[in-house]
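Chain order of the listed sequences is A and B.
Following our numbering, the numbering of the first sequence begins with 1 at its first residue and continues without gaps.
Following our numbering, the numbering of the second sequence begins with 692 at its first residue and continues without gaps.
Derived from the structure by calculation, the hints contain no laboratory data.
One should not assume that every hint holds.
[Claimed, not checked] Chain B stretches covered by chain A per the calculated footprint, using a threshold of three residues with CB under 8 Å from any CB of chain A:
id, stretch
1, 816–830
2, 909–916
3, 1059–1071
4, 1171–1180
5, 1322–1328
Computed from a predicted structure; not experimentally measured.
Backbone N, C-alpha and C define an ideal beta-carbon position, used for all residues, glycine too.
Protein chains: 2
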Amino acid sequence: MGEPATKKAKTADPELDAACIETIGFLSVDQVQAANSGHPGAPLGMATMAYALWSKIMRYNPKNAKWINRDRFVLSNGHSCALQYSMLYLTGYERPTLDDLKQFRQLDSVTAGHPENELLDAVEVSTGPLGSGISNAVGLAMAAEHMAAEFNEEGFPIIDNHTYVFCGDGCMQEGIASEACSMAGHQKLGNLIVLYDDNHITIDGDTSCAFTEDVTKRFEAYGWHVLSVENGNSRDPTELIEAIEAAKACTDKPSFIRVKTVIGYGAKKQGTGGVHGAPLGVDEIKRMKEELGLDGDKTFEVPENVLSHMREAQTRGEEAEAEWTSMFEKYKAKFPEKAAEFERRIARKLPEGVFDKLPKWTPEDKALATRASSGKVLNAMADAIPELVGGSADLTGSNSTALANATDFQPGARDGRYFRFGVREHGMSAMCNGLAAYGSLIPFGATFLVFAGYMLGSVRLSALSGFQVLYILTHDSCGVGEDGPTHIPIETLATLRAIPNLTVFRPADATEVAGSYKAALLRQHGPSAFALTRQGVPNLAGSDAEKVALGAYTVAPVPDGSKPKIIIVGTGSEVQLAVAAAKALVDEGIPAAAVSMPCWELFEEQSKTYQEEVFVKGVPVLGVEAGCTQGWAKYVHYQHGINTFGKSGPGGKVMEHFGFTEENVLGLAKKLLERYKDVEAPALIDAHTLM
Amino acid sequence: MGEPATKKAKTADPELDAACIETIGFLSVDQVQAANSGHPGAPLGMATMAYALWSKIMRYNPKNAKWINRDRFVLSNGHSCALQYSMLYLTGYERPTLDDLKQFRQLDSVTAGHPENELLDAVEVSTGPLGSGISNAVGLAMAAEHMAAEFNEEGFPIIDNHTYVFCGDGCMQEGIASEACSMAGHQKLGNLIVLYDDNHITIDGDTSCAFTEDVTKRFEAYGWHVLSVENGNSRDPTELIEAIEAAKACTDKPSFIRVKTVIGYGAKKQGTGGVHGAPLGVDEIKRMKEELGLDGDKTFEVPENVLSHMREAQTRGEEAEAEWTSMFEKYKAKFPEKAAEFERRIARKLPEGVFDKLPKWTPEDKALATRASSGKVLNAMADAIPELVGGSADLTGSNSTALANATDFQPGARDGRYFRFGVREHGMSAMCNGLAAYGSLIPFGATFLVFAGYMLGSVRLSALSGFQVLYILTHDSCGVGEDGPTHIPIETLATLRAIPNLTVFRPADATEVAGSYKAALLRQHGPSAFALTRQGVPNLAGSDAEKVALGAYTVAPVPDGSKPKIIIVGTGSEVQLAVAAAKALVDEGIPAAAVSMPCWELFEEQSKTYQEEVFVKGVPVLGVEAGCTQGWAKYVHYQHGINTFGKSGPGGKVMEHFGFTEENVLGLAKKLLERYKDVEAPALIDAHTLM
């Protein structure tokens, strides 16, 4: 922030500007044409925007894509990624190379059909699902504000980067963006600058068919600083540069620059949906090039003077980072502890011994809802791990996510670590992705488990992007009670378990909550979700925080150590029923064991030997979980669950209604024993093992 | 629309007004107190709003909750349902009774913790998940406009009802509402009137912590007619009545009335989060009643004059409906065909013989993407079923949902049946729920399968509310290709299959597409989803439209009719691989059969005998589906799927990368045969049968 508008940025060579802009456009459409797949229209429409921003404004170092104080760039209309790849190549990043551009959208190339942060260092967040990138950017901007507040000292602006976003009409229509942009306005994020590619075209045609609102007025209503650029396709970038400089000068509001452009600028079908999502064709590209006096038969052509001008970004970037490094060295000398802490965070090393601070419980402690023990564990971890930041979508009390020793992150209080996300689940998840993408924070976001369905698009992107986001999801079964079916998750655990690279924990008690947090905090390359009870659960004698990492374990073995005749597996609040029913069977002289299975994904990572230690070959297994039964057939012979929607009533009664009582589970166990009295139960894990 | 502001509505008795408003408030807090659970704050804050609307404005008939031309009321802040239950009782609906109010939030009572349309006739849509109700209301309002355009004749306003919404700050923050309200503004829905309970309190406290945007300006930006009422808690409803009348007078824009209220009005803790979600306490309610000169010890007390005044709603309603019925009789005489068609639609009877019009395909027809055959089937059905209306979230071409013989629904073109939903998936789903809730339309909504994650909250509500909505979800696997992992569904089929009362179809070819539509159109009490390919698939020799209704069937039996040694089951585009691999095995002399399983839910409804006809006891089953394997262990011994995210590249190559080739499937089949060479494969369905 506070960086002066830099007049030197303007070039004195209009022809060179034009050549650069044209090269950006053609390099992009050549990629799409070579792939015979992709989106040429937006790159042509946004070429001047890209040139203005990357060549004249943005601070980044192509030689070190991960420089912590770089300006962040997010291409929210990710389908126009050919443009981003062109910029990365032209400004001199190691990847993509020119050959990479020629491999656009090919299997195993880094130039994927939408920008993927796992493939290219310079891509901050994976975009494509519309509205998501701009919402991530709000998180990136909040992260910068928070890091600045934590680490900057007088004369040492260690963190003062901006976050820039390109977005289109699609992003403007998505509710996720409305949520995040309302939040950005509330938070007065002066370091966030959005360039809206206002081209009036979406896939269905002119936006007049569905989208006639006054977008700039809406952003004013959110509290943004709003600017307009009327000719976004001018080959003279001055108006754009001035607008972005004016945006930078406004430090107490996010800026929204509406840039009027023509989609597919220069093509015959410019300004129509016809240039949006299909290659322009070899002949048309040839014609366009020739119209500008270029050789129409050459593709992927970058004039020498254009490349050398664009590659000045390397020198600018190296100088900028060198200047920063020299400042940081001085800072290090003056504030060695802060500097060390800063470096620890960037390296994503947890502080020493944090897990020693996990609270412990014994069976003598009184019953506690796992949302409540989560609150205690979260607080202990937040005290020990300052980079743990986050909040709730307006359910702080219900989710037990209040942090006793932290204040709210607000305008004028940027050192706050608690985020009041508002009633905005999807935006929260996307903002958490942005907070994680910054590279030095571990964000958490909380809501009711059932409302995962309101934010699933972004939870998926946490997983796809490998972001360590902790989702604290309370009220995890019909134990919710009175709020009824709209608030009772049935399918939600299955929903979350199905997402690749998302680790889902449903701890049985406080001890397992602690173990779940530990496993999730150690899992740096993906998100975790905790499904937590509203209602109290006892602290089980056999529960084990360390064994959560195994995914499932025998929480109540047969007392005499003999092989069980039946195994009852539960998760979360139903483990107590598994334990009680197993005990009742043992009391009747039937060897029975209970298994707690807090995490499917971690169990799947174990050896088959261990898996068959837990689910012993030939022993019938009864499962108990107050949710849908989908997926359980892999482990159990009969699953007692709920495959209809829930009911409104006191939690205990609703649980009883659906048969989640010790008596019913015991009865089911006896039926299962009877069922396999004379035949051996199929060894399910073995039965499904092929390779 | 165009109904004149009715001056007679104003009462001349201010004391009676006040008594009614107080009774509404106390009857609501008494419910919450009796249940010792619920939300007293909003009902107290909105009591005057409710009184003004229900007693002085809204047209409804308590004696016939389902009168088709009734005004619709949606309580978008569903947690304040005690208020709605009070109104329904006071105005004289059959249910809830006073006893029902005393059973608030108890198991099996109709007065559930949030309003449920399946429990009370007068509840139009189930609300609770915030932002959802107001978005449903946009659909309800569009449905009324469309029905009016289709059926009204000069002098015969058969349909001219309004849709009224109460909503709170939470609804205003949710992105789903932003999407739908932007659409409502675009559509100039003059029949939609929203009363915004602007009380500045959400669960986390004052809205100043997270929500400081200018809401009224935002709605102006959407193109709404915006009004304000400063004292929403006045015991004189005049200002509110006038505002609503002014809203009704504006017929070319939806109206947004910001009503400034105090949450928990009258309670000591009024205006704070303390009155939001917990009972006020017996003593406090007593104090409040006594302060107003009432007997503090009496609960559920309705003064005689209040009840008789409120119950005038019955007479008003009966008169209004009688007037309408008399008009409809005349309409019937003058326009018998239209009247018959109107009655058919209201009765939700499909036209005779519609399924005769389903297109047919043979193996000789060229390969066709199932999204393309869906387009043909949809068009055939839309031609035959005029109540089939809908559209796409800006992916009309990609989703193949364009209707050749229908125009767009737009302002000035209300007879249009094709809805341009914009890039608004969640809003689309919620609007479809509203279209379905109106009672005479079958809506469809389309997007890419992967973006089900953007709208899951509302898809869940389609299922929970029993609304017949058709979700057309194309680009259903890594066959999507170049667009890459953000656009490739992996977990999405599992996600949808896990939702109770949602029927998920993944047809193998054009013939099965036709069968899927038939099954979905016959299923009136819940939504269906079609997962459709982007890429072409052959028309299979053994596919059968009628057998889709069985969920799964043998598409390629062993040619000589003998028992197979292996069964290969696939869904969608992978059925061709199952068939090809089975054929290759047969060619090698190994009896093998292929099964197509377009719909799990329908298969689960079949007898165990039929199920074991398809998956023959003791025969190893190999499954093939280009998505995550979750849930398949119930049917197969080995499932070939994808449990990581997808990749960008040409579709065929990505399919090949993940092993979806005939060769690989054949290889897996041989491994499975080898695995069960000497032992019988466990009979999985039987193994999981307990009861």
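Going down the list of hints, with the structure as the test:
For the stretch 816–830 of chain B, the stated coverage by chain A is satisfied: 6 residues place a CB nearer than 8 Å to a CB of that chain, which reaches the threshold of 3. With a cut-off of 8 Å between beta carbons, the stretch 909–916 of chain B has 5 residues touching chain A; three or more are needed, and the interface restraint holds. Against chain A, the stretch 1059–1071 of chain B contributes 0 residues with a C-beta closer than 8 Å to a partner C-beta. That does not satisfy the three-residue criterion, and the hint is violated. With 7 residues having a beta carbon nearer than 8 Å to a beta carbon of chain A, the stretch 1171–1180 of chain B meets the requirement of three or more and the stated coverage holds.
A count of 4 residues in the stretch 1322–1328 of chain B with a Cβ less than 8 Å from any Cβ of chain A is obtained; the coverage claim is therefore met, three being the minimum.
Consistency with the previously given hints fails for number 3 only.
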